[in-house]
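Participant: Listed below, chain by chain, are the residues.
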Amino acid sequence: MTAALGSMPRLAAGTLAALLSDYTFRTVALGAAIIGLMSGVVGCFSVLRREALLADGASHAALPGVVAAYLITGSKDAAVLLAGAAASAVLAAAATVLTARRTRIKFESALAVAMSVFFGLGLALMSYAQRLPGASKAGLARFIYGEASSIVMRDVCASAALALMLTALVCVFFRQFKLAAFDPEYAASAGLRSGAAGGALTAMTVAVTVLGIQAVGAVLMSALLIAPAVAARQWTRSLAGMTALAAVFGAVSGVAGTAYSSLRDGVPTGPAIVVTASVIAGVSLLAAPGRGIAAKLVRRRRLRRRVLAANVSAPEGFDRTPPDASTTTEQSARPAAPPDGEGSPNAPQNERIIPAAPPDGEKHAAASAPDEDGKGGGSDAGGA
Amino acid sequence: MNAAAEVRHLTVSYGEKPVLVDVSLTIPRGSFAAIVGPNGAGKTTLMKTMLGLVKPLAGEVRIPARGRRGAVGYVPQSESIDRDFPISAYEVALMGRYASLGWFRRPGKADKSAAEECLRRVGMEKFASRQIGELSGGQQQRVFLARALAQDAEIYFLDEPLKGVDAVSERAIISILRGLCAEGKTVVMVHHDLRTVRDYFDWVSIINLGVVASGAVEDVFCERNIDRAYSRRAAEAAV
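Top to bottom, those sequences are chains A and B.
Under this note's numbering, the first residue of the first sequence carries the number 477, and numbering increases by one thereafter.
Under this note's numbering, the first residue of the second sequence carries the number 17, and numbering increases by one thereafter.
What the hints contain is simulated information worked out from the structure, not anything from laboratory work.
Hints may be right or wrong, so weigh each one.
What the hints assert, rightly or not - To give an idea of the interface, some chain B residues facing chain A are shown, with a C-beta separation under 10 Å as derived from the structure: (1) 35; (2) 64; (3) 120; (4) 164.
Just so it is clear, CB atoms sit at the ideal spot from N, CA and C, and this is done for glycine as well.
Isolated chain B, as found in the complex:
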């Protein structure tokens, strides 16, 4: 299998208690993959570790695309940024071009029009000059998505991009992401709404501390696996 991302025996711990234990999974190239699991299962941690933002206690992450700068796109949760930062939506989108600019070159005409085009793709062109803090959470998410699109990455990581997004925007975002997969790019997304997993994704990793199941949606997304993932915490608490 041609893997876009591979995680081997990953264990991550912030303090004494591990957040992820012996996680191994593979995400095939060109897939639209969901990471699901209950609150506190370690979904965001898994994503951040895959991105190299959190150092694992043990194990390794292999993402071949990382060889090229800017080939890994990331859409963080919108709460993670400072809402009072003096920056416009357009400037944020333009940041997606930084990776391809190197140290000294300034963004040129092509970069600027690419940033505008990406804002248009996420339906935020009318808000280009708005301050990031003046946008709603869902709109911020879309601006961050535009930034990742402007990057022209090989693999995209999105941390709950549908949180606080209305139904229309959700449909728009999903169709953009599907388009990326159709171009052969890989999209990995932390997702909360189990009802839409079958409709949206072709690959899913169900996690809770460890991997409960990971594979094609039709193979692993069954009631048994979901129950195992979502009741484990409760079972542990009962013991």
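Extracted from the complex, chain A is given alone in its bound form:
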């Protein structure tokens, strides 16, 4: 927490202390941190499974559910409203998946339609609900842009419970999730039920999305899923590392965003959190060692200098790993490989040609040994 706040050097120490001693701030920041953490974890799998768009659709589609739940029950309890949000998010996701499967419409198109229709419906219902007496106090508008200050201790406990469950699931079934994200077809072919793991991942994404819209808002929630994952990918080479790092980035964004918005009146929490996450992602894309844009430029320049220095005509300094260093045992045999297509088992293997295999015995006649003068007469197919 302090580390995140430390990244804002202009903050006077006094303000910082005041902020930290503030009960409301601590509650809200904790809530936002937990949501950020879960978003980071789940977001990694969404991004790697190319389902990030689905999360975006789910968060937008949650809006009419929130308003409908309020209109039907008259309750402004967060649990009730979020249940409505979950219902409409799942409905939209199901509609999208069914449309994509049953018609020729592509998944993205179906998602775009479902998302806009649901979000539009949400806005229409919202403006209707706002005119009802007492509705403005229900604070429905907070679900559009998010309002972390509406988080109370009970919400924090609920999301902490979900976060624990989710973390435990991811730890225990990490292997299954990894396989389901990496190569679901292989998993299915080997008789592993990757469908179950994939389904669980999607369900977790929807759950986190819905939970997050209270703090971050329907419009921006998906950014909190995607940005930490994208940032984390830059710094690590393993899925476990990426997941852990994304969790940290998400939590830091939650705390820093909340701090910023409570220090500046009028800045909503959702955008502040998302901007923080995006800054982390931007810095990671630029500056990460290895994969970062800066590192790539530096490497390229260095290499270029070396190649130029080593005299363009004979670039020995160009230390390139041979493409097939592994097969060293056979490397020696390589140059002397096929002596003119004779009986060699592997004739040059580029394009396929139709062999003119003679009907009887004789094996390799077909493989068109270079027939310079073309006196062989019989063109490619007619040799027999």
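Chain A is fixed; fit chain B onto it per the hints.
Facilitator: Quick look at chain B alone, frame taken from chain A:
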């Protein structure tokens, strides 16, 4: 005949146009079988349907080995995976052991050394810690082959494993696959290079929408059948 895989009256269609029509063929146990045919003939679809990844419109596939988890090995085309996935070659090979682990058990020492051994067999041990995306297409193919080997399957399906592979690697892969057949395992492979069919395989299925011919290489791999398979599309277009 002792069949490792049997396909009966299989018809597969993604949209309106069928991709495979009434395909019936048998692949005997212990054989090294090629599936050949022109582009768009339905070779990959046939393989995916046999693996249960594509649901047929009609017909059935019988693979007795499917009773045991992990008894069917699959080496997909390397383009089918996300090259940016944060995973090393070794981790991919280790995935071959997952099928035998069940839900909760973590990979043990035996699993890890099996994965390493399989990487060695395909000549990729030096690249074990490389990210999958840093490998060339041919190297990725070999890593996927290592994963299938680690599985210790009964029947192996390979979708064009020689695509983009140089001559040395091709020879190495073929000798590994021959070794599997010698152990009594069955290898089914989508293959593109008609010139090597006679050298490599003992069984071949020539397809184009339907089965043009299927059987022992010396019986069915003749010019007439190949011409029929490869000119059918052209003939159709002319009509």
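Participant: Now tell me if each hint is right for this structure.
Facilitator: Going through the hints against the structure:
{"no.": "1", "hint": "35", "result": "16 Å, violated"}
{"no.": "2", "hint": "64", "result": "8 Å, holds"}
{"no.": "3", "hint": "120", "result": "7 Å, holds"}
{"no.": "4", "hint": "164", "result": "9 Å, holds"}
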